[in-house]
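Q: Residue numbers (this note's numbering): 20 to 191.
One or more hints might be untrue.
Said to hold, decoys possible - Cut-off 30 Å, straight-line C-alpha distance, at most; resulting in silico cross-link-like pairs (DSBU-like, lysine-lysine):
hint: 1; residue 1: Lys-36; residue 2: Lys-89
hint: 2; residue 1: Lys-162; residue 2: Lys-89
hint: 3; residue 1: Lys-144; residue 2: Lys-162
hint: 4; residue 1: Lys-162; residue 2: Lys-36
The set of hints was computed from the structure by calculation and includes no laboratory data.
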Amino acid sequence: MSAPVLETERLLLRGFKREDLAALTAFYANEDNARYIGGTRPAYRVYGLMSAFVGHWELYGLGWWAMEEKAGGNFVGYCGFNNPPDWPDREIGWAVFPEFQGHGYASEAALTARAEIYRLGGPMKLVSYIDPENAPSRRVAEKLGAVLEDTIELRGGPAQVWRHPEAEGARA
Numbered sequence: 020m021s022a023p024v025l026e027t028e029r030l031l032l033r034g035f036k037r038e039d040l041a042a043l044t045a046f047y048a049n050e051d052n053a054r055y056i057g058g059t060r061p062a063y064r065v066y067g068l069m070s071a072f073v074g075h076w077e078l079y080g081l082g083w084w085a086m087e088e089k090a091g092g093n094f095v096g097y098c099g100f101n102n103p104p105d106w107p108d109r110e111i112g113w114a115v116f117p118e119f120q121g122h123g124y125a126s127e128a129a130l131t132a133r134a135e136i137y138r139l140g141g142p143m144k145l146v147s148y149i150d151p152e153n154a155p156s157r158r159v160a161e162k163l164g165a166v167l168e169d170t171i172e173l174r175g176g177p178a179q180v181w182r183h184p185e186a187e188g189a190r191a
């Protein structure tokens, strides 16, 4: 299965394209950009990450979308469904490239993505794991109606657990 194309007021949520790799690699090469999402990564690891984003659709029937501005066609970030085997809950996550931050793209995309995740995957419980110092992502979670539930250790560091409103009939 490949990512369905979703549309918001200002964005297209689409599957990743080969051309996205350069922007994603540049994003992850910068320490400020990557500090809350696993740190910097060399190009080969970014390639692996993007491959995982694409492969999530095949493995789970859910996955990650590239966010593209309708006006101008800029690749501005990504959002979607994450289900690593070592994490306690399924996650919805997002990242917006610095030059496109502050425009509400993360919340706009994540709201649409979450609705599609519930539609495709059925009722489920979703969280967002957010570094306690990542104020912009905490604000996005709040805009989405998520509630701070706990702080846990996740892959060697603290992560706040933001519980999202459940779809009707949610299951674990």
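Q: Hint by hint, where does the structure go against what was stated? Just the numbers, ascending.
A: Hints that this structure does not satisfy do not exist here, as all of them hold.
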